[in-house]
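From first to last, the protein sequence lines stand for chains U and S. Using my numbering, you'd call the opening residue of the first sequence number 1 and step up by one each time. Using my numbering, you'd call the opening residue of the second sequence number 436 and step up by one each time.
Because the hints were derived from the structure by calculation, they are not lab data. Backbone N, C-alpha and C define an ideal beta-carbon position, used for all residues, glycine too. Any given hint could be a false lead.
[Said to hold, decoys possible] According to the in silico footprint, chain U covers these stretches of chain S (three or more CB under 8 Å from chain U):
hint : stretch
1    : 496–504
2    : 635–646
3    : 823–833
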Amino acid sequence: MRVEQALRLLPNLEALMPLRGLLLSSARPDERVQWGSGGPYLTVGKRDVEPGELARTMAPVLAFVAQHIGALYGAYVEALERQERNDAPGAVTALVGAGRLEEHVGRLSQAQAWYEVALALAETLQDRRPEVETLLAIGHVCLALGNYSEGARHYQRALVLSEAEFNQAGAVDASVGLGTAAFERAEWPGARAWYSRALRLTEAGNDGRRLGLVEHRLGLLDRGQGDLAAAGDHLRRAREYFEKLNGGAALDMARVLDAQGELDAALGRPGPAAAAFREALAWVRRDEHDPGLDVAIRLHLAELLLETGRWLEAEEEMRRAEQLAITSNEPRGLVRIYTVLGTLRGRQGDETGFVFFEQAIALCRALEGPLVEDARVYHAYGLFRQVCGGPDEARAYLERARGIFRSLGMDADVERVEAALRNSHGVNTAAGGAG
Amino acid sequence: MSRLVTRPTQQSITGPPPRPAARTATDAVRVLAVGGESGPGPLQSLRQWAIDLGVELEWAADLPRATRLLAGGRWDLVLAVLGDRSDEDLGWWVDALRGAPGAPRLIALADRPSMGLALRAEKLGVLDVLALPLKREALASALARVRSATTEVALPLPPIDTEGQGHYALVGQSPAMLEVYKLMARVAHSTATVLILGESGTGKEVVARTIHQHGPATAGPFVAVNCAAIPENLLESELFGHEKGAFTGAVARKIGRFEQAGSGTLFLDEIADMSLALQAKILRAVQEREIERVGGGESIPVTVRLIAATNRDLQDAIAQGRFREDLYYRLAVVTIQLPRLVDRGDDLLLLLAHFARQFAERYAKRIDGVSDRALELLRNHQWVGNVRELRNVIERAAIVVSDGTLRSEHLPDELRAEEPGVPERTTSGLPTLAEAEARHIARVLTHTGGQIGAAADILGIHRNTLTRKMKEYGL
Chain U
1 MRVEQALRLL
11 PNLEALMPLR
21 GLLLSSARPD
31 ERVQWGSGGP
41 YLTVGKRDVE
51 PGELARTMAP
61 VLAFVAQHIG
71 ALYGAYVEAL
81 ERQERNDAPG
91 AVTALVGAGR
101 LEEHVGRLSQ
111 AQAWYEVALA
121 LAETLQDRRP
131 EVETLLAIGH
141 VCLALGNYSE
151 GARHYQRALV
161 LSEAEFNQAG
171 AVDASVGLGT
181 AAFERAEWPG
191 ARAWYSRALR
201 LTEAGNDGRR
211 LGLVEHRLGL
221 LDRGQGDLAA
231 AGDHLRRARE
241 YFEKLNGGAA
251 LDMARVLDAQ
261 GELDAALGRP
271 GPAAAAFREA
281 LAWVRRDEHD
291 PGLDVAIRLH
301 LAELLLETGR
311 WLEAEEEMRR
321 AEQLAITSNE
331 PRGLVRIYTV
341 LGTLRGRQGD
351 ETGFVFFEQA
361 IALCRALEGP
371 LVEDARVYHA
381 YGLFRQVCGG
391 PDEARAYLER
401 ARGIFRSLGM
411 DADVERVEAA
421 LRNSHGVNTA
431 AGGAG
Chain S
436 MSRLVTRPTQ
446 QSITGPPPRP
456 AARTATDAVR
466 VLAVGGESGP
476 GPLQSLRQWA
486 IDLGVELEWA
496 ADLPRATRLL
506 AGGRWDLVLA
516 VLGDRSDEDL
526 GWWVDALRGA
536 PGAPRLIALA
546 DRPSMGLALR
556 AEKLGVLDVL
566 ALPLKREALA
576 SALARVRSAT
586 TEVALPLPPI
596 DTEGQGHYAL
606 VGQSPAMLEV
616 YKLMARVAHS
626 TATVLILGES
636 GTGKEVVART
646 IHQHGPATAG
656 PFVAVNCAAI
666 PENLLESELF
676 GHEKGAFTGA
686 VARKIGRFEQ
696 AGSGTLFLDE
706 IADMSLALQA
716 KILRAVQERE
726 IERVGGGESI
736 PVTVRLIAAT
746 NRDLQDAIAQ
756 GRFREDLYYR
766 LAVVTIQLPR
776 LVDRGDDLLL
786 LLAHFARQFA
796 ERYAKRIDGV
806 SDRALELLRN
816 HQWVGNVREL
826 RNVIERAAIV
836 VSDGTLRSEH
846 LPDELRAEEP
856 GVPERTTSGL
866 PTLAEAEARH
876 IARVLTHTGG
886 QIGAAADILG
896 IHRNTLTRKM
906 KEYGL
């Protein structure tokens, strides 16, 4: 049975999300389809799933779910006990711990719910440190959900409290969070001000890891603003800080190398860019495996190959990322992979490439992830439709993307979509004139 | 019909004298050894053997350093110590070495490697899996295999008459293909519906396009729909079109493929992947020569010529109630069965030459030869994906080829793993019963795509027995 058929029989209930994940991760491509003419368009929906095998692999998933829920219940009971013993900070820690557990399994909205309960309790305390910790956690999850304004609000409060309490680490983290909230909305001067502040605070404290993290963010900012030389300097310094930690920050190192790869790609140096991505993958492999990061780096590598016209290698890299995302239950990664695969087909002038965007949209609906992901899919789909037939559809998808970006306050993205819409209008007018 | 076929202008591989490979068998083998954070650890003895074995050795303590060294130079061989997650490590290495300069082969080293690991390594094209502590003889034997690859002799590719249909050219002159050409010539000038059967990658769309180009509908468009690729819920609107607002996402009126094809040809590929409900609608379109857009009430006449294709056994699908018999007879007015690549003899060489030239042009390379070893590997491969798989392999090779000759090092590891003469892991040279059983189980599991139930049925054993054996062999 095909996954797309199996999913039609599965109601969209939260309690069944792990089963949905299991269904996707146990899906395998039929060899005949792989080599058939449908092979180049294969998506997770067209993979096969065997009910018998699902039944056999259900037990460990159920055990994991039970363990996770058990841990949440445990955290809640601990919060109650602490509260009963007048240890409210301990109760906050337990509730924040529950949120982190949810965040760890990718349940971001649920994590936010736990943090909000913790925050309500933390706000009643004289000691402000639990409140700062909770605010930082909420800010982080808000950014991950694409709710940048809300995230900035929480980070702002965390900063004020941290400074009042001389909590330097809290102030650094809050400043970085504020910088990132501004960065994501392309508010470059604001982002620079916050990151620079974080850097000044960190330099005073001599915290190698935080210094590396701030340098990394400054590198991303400079790259975003087009100052590639400055970006290179920041990323080099970030690497140096992380290297001094003797492998203690392998995933941070992977992220910096990933950024270095993107920088080299922007500088038109595909060789060093590919080498940086490959080394980043090696760092990911060295530490506790983070499949989400692995998938993201592979996607960047694939995009590099795509931009340099190495379509076959780009597709192979994306297929490897797809396999990893499926087997490690990273369906959000699949959304990005299918968007890039659709873009690749668009470059090849292959109209059937629309199937990738449709699959990405179906996944967005099923996963109910951050809205910004939906907007990115619609934006790319609109651009695809501009090239591969369907100007009306192109306009409809672009308008949908613009609406979402606008609701999130992402002005730079709104501008990009509007430029595409103007282009779409121009094409239509020209076509009309020719007719 | 001769213009349909690209033919060689020279029958056999003759011409300029063979060119020697760039590297010679006496050159030192460049080896990158990876593993051990504080020193070569399990590879210590390797340093002592290096000169004696003719090895130029470099050592990297960890994966990031190894990746830097790999990117910075050409290597013949990577010796990697696998960690606790040996299966994952193996996959990681195979992936990391893809496209690395010099196309280095991989030897995986593991403490007590399981049979499952050895079989997986074999499938992935890993040169060998050796047990730790490393034995000199085992390494020497693997090195001998690396060296033997340096003695490849270049053979010129036969020139091909390029009078064809470019990207969709039919290439081949085997008896099986000549029968196909004759049948195509007979049906091309009629408007009869054609059903093309054949395994994946045998060229069904190429045949359909050629029939269209030589038929009465040639003035009209050729519209191809891949029924296997399109999500089931969208296929109907893709074929018949829809009116604006017919369903969520129907943002504008859409003209379907039947209408787009107009008076041309509509090619329905992988028709067996269609639901029964949609099959009924196709039958109506074929019988009544009219369609209705989704969400529209108006009947629209269609004059399109229909060509359908599938890689499935339609008779079997009919027997299982998954394909409508009446539709089958409507489609199979003329049936063309395409041969598998392995049944096409020397067509492989012609196709190789055709694709090599096509991709050499695309990637601005010069490819005018193939090495004897590469050709042997290509000839011995089973080509499950037929011509499409060959095309893929040649495209990948064309990307990495540097001196005008396709060599075995340019072929995927999976193909190189099929090289004859890979020694068995027992002293007698013959596999043990357990090894043979594990190998066969692995092969069947690959065939069923890992589905245990189906594999147990083929093997004629109970599912629980199979699960136990898989655990036992580490599969």
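Are any of the numbered hints broken by this structure? If so, which, sorted upward?
Of the numbered hints, all hold.
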